[in-house]
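*Asks:* Using the sequences and the accompanying hints, generate a full structural model.
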Amino acid sequence: MTAFLAVAGQTIAISYRVGGGALIGVLFFLSVLVVIPFAVGPDLDLLARIGPAILWIGALLATLLGLDRLFQDDRDDGTLDHLVLSGLSLEAMVLAKAIGHWAATGLPLVIAAPALALLLNLQPAALWTVTLTLLVGTPALTLIGTIGAALMVALRRGGMLIAVLILPFTVPVLIFGVAAANAGVSDRDSFGQPFLFLCAFTLFSLVIGPFAGAAAIRAAEE
Amino acid sequence: MALIQLANPTRFLTISGRVLPWLWGATIILVVAGLYYAFPGSPGAATNVGETVRLMYVHVPADWLALLTYGLMAAAAVGTLVWRHPLSDVAQKAAAPIGAAFTFLGLVTGMLWGQPTWGTFWVWEARLVSFLLLFLVYLGLIVVWRTMEDPGRAGRVVSVLTLVGAPLLVIIHYSVDWWNSLHQGAGILSGSTDDAFLTPLFLMLGGYSFLFISLLLTRMRTEILGRRLRTMQLGAAGQEA
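Which chain is which? The protein sequence lines are A and B, in order.
Note that my numbering has the first sequence beginning at 335, numbered continuously upward.
Note that my numbering has the second sequence beginning at 316, numbered continuously upward.
Source of the hints: derived by calculation from the structure; they are not laboratory data.
Hints may be right or wrong, so weigh each one.
Claimed, not checked - Computed from the model, here is a short list of chain B residues facing chain A with C-beta under 7 angstroms:
| no. | residue |
| --- | --- |
| 1 | L383 |
| 2 | T432 |
| 3 | L451 |
| 4 | G455 |
| 5 | I457 |
| 6 | R471 |
| 7 | V472 |
| 8 | V475 |
| 9 | V479 |
Stated by the list, open to error - Sample of chain B residues with no beta-carbon within 10 angstroms of chain A, all distances over it, derived:
| no. | residue |
| --- | --- |
| 10 | I344 |
| 11 | R369 |
| 12 | D378 |
| 13 | L382 |
| 14 | G425 |
| 15 | V444 |
| 16 | G480 |
| 17 | L484 |
| 18 | I486 |
| 19 | D510 |
| 20 | T514 |
| 21 | F517 |
| 22 | L520 |
| 23 | S524 |
This one's a predicted model, so the numbers in the text were calculated from it and none came from an experiment.
Positions of the beta carbon are idealized from the N, C-alpha and C atoms, including for glycine.
*Replies:* Right under this line is the structure:
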């Protein structure tokens with residue numbers, strides 16, 4: 335458990351040091367949100383209607399940012415070999431890295447979401463609904479992304495390849511996340527069912543992510 | 316002969332070389348017969364669904380084969396990760412582009428069918444979207460194969476990604492039942508379909524299946540020979556140095 339917390343804490347610490355990606359994620363989130371109204375026009379009614387979708391797409395893209403380096407940096411400087419030999423199971427190590435990465439990059443997005451939602455003319459009810467769905471849904475995005483990050487160890491490529499591999503698998507999270515968030519915008523949409531599906535996907539990826547990630551690292555390291 | 320003996324690549328080359336001409340022959344006979352029953356021998360305009368029903372004979376088998384190929388790749392992925400079966404990663408690598416081609420064919424024929432019957436080439440609904448995702452996953456797998464040089468390691472990494480994508484098959488299969496879908500449900504085996512439609516459909520399904528097996532074995536043979544060539548070249552380069 336000590337080792338588990340140490341890995342998670344180290345991942346958070348590195349993200350906030352010089353060269354870390356924690357705050358770049360929030361900045362990227364803000365940039366996406368600012369760019370979209372320029373593309374679709376400044377119509378406030380339209381922005382309020384598609385606001386939850388914009389926030390979710392921004393969060394999805396911001397989550398992928400920096401994820402390709404999650405294990406690659408550790409591989410390059412030899413830390414990964416130490417982690418593999420540390421006695422901590424590889425699955426637990428991947429989970430610890432994922433939790434650390436989410437705390438450093440996912441959580442700031444959730445905290446920033448209410449403030450940014452104001453720019454999109456979201457009313458208080460919609461604003462808190464979106465934030466709640468992001469709080470529940472972004473861990474799923476990070477955990478699915480962790481599988482891609484683990485694949486990057488073997489692929490020795492960075493950048494956009496992880497997005498190509500991972501985005502198809504994040505679609506269910508996006509569908510149910512936006513569906514639940516839309517309940518705050520219009521009364522016709524129901525909140526309960528898609529929100530429960532979103533919770534289910536997060537729990538599902540909590541199981542799949544560490545095991546698939548560990549299997550990918552094992553395949554790359556031998 | 317036990318299946319395990321096929322694990323020897325040399326024996327696989329011998330046996331597959333012997334059966335391949337027969338498989339290709341069966342493919343040609345079934346596809347030609349299927350096309351005959353689908354076009355001159357089929358009641359098209361006479362039915363209430365019109366001439367577009369003929370698209371079913373190329374669309375439905377392509378979709379089934381797209382799913383079947385992925386299922387086979389997932390089974391081979393288990394073979395690679397659990398038993399280190401030497402042919403299963405060869406089979407995966409050979410199957411991925413074939414599966415992508417069937418998925419693409421299914422999407423294109425579906426779009427061509429959608430225009431006259433639904434009035435649009437594309438709608439964003441469950442069955443179509445899940446199939447598009449399957450196509451993207453196939454392309455992602457091909458990209459990973461093309462990114463890594465060592466085929467053994469690439470096989471194990473691709474296997475992980477293949478298994479992560481396997482639940483998509485279940486989603487695609489039940490997508491017409493779970494969501495209110497424009498795409499019609501699976502009604503082909505329900506007994507309500509007339510024999511005049513079933514005959515060409517099953518002939519084409521057989522033809523597509525034999526085409527898949529023939530292409531798969533041909534590509535696997537090429538891949539095995541390619542790997543041997545690579546080993547020989549590496550060995551020769553090592554001796555020169």
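*Asks:* Of the hints stated earlier, which fail here?
*Replies:* 1, 2, 5, 15, 16, 18
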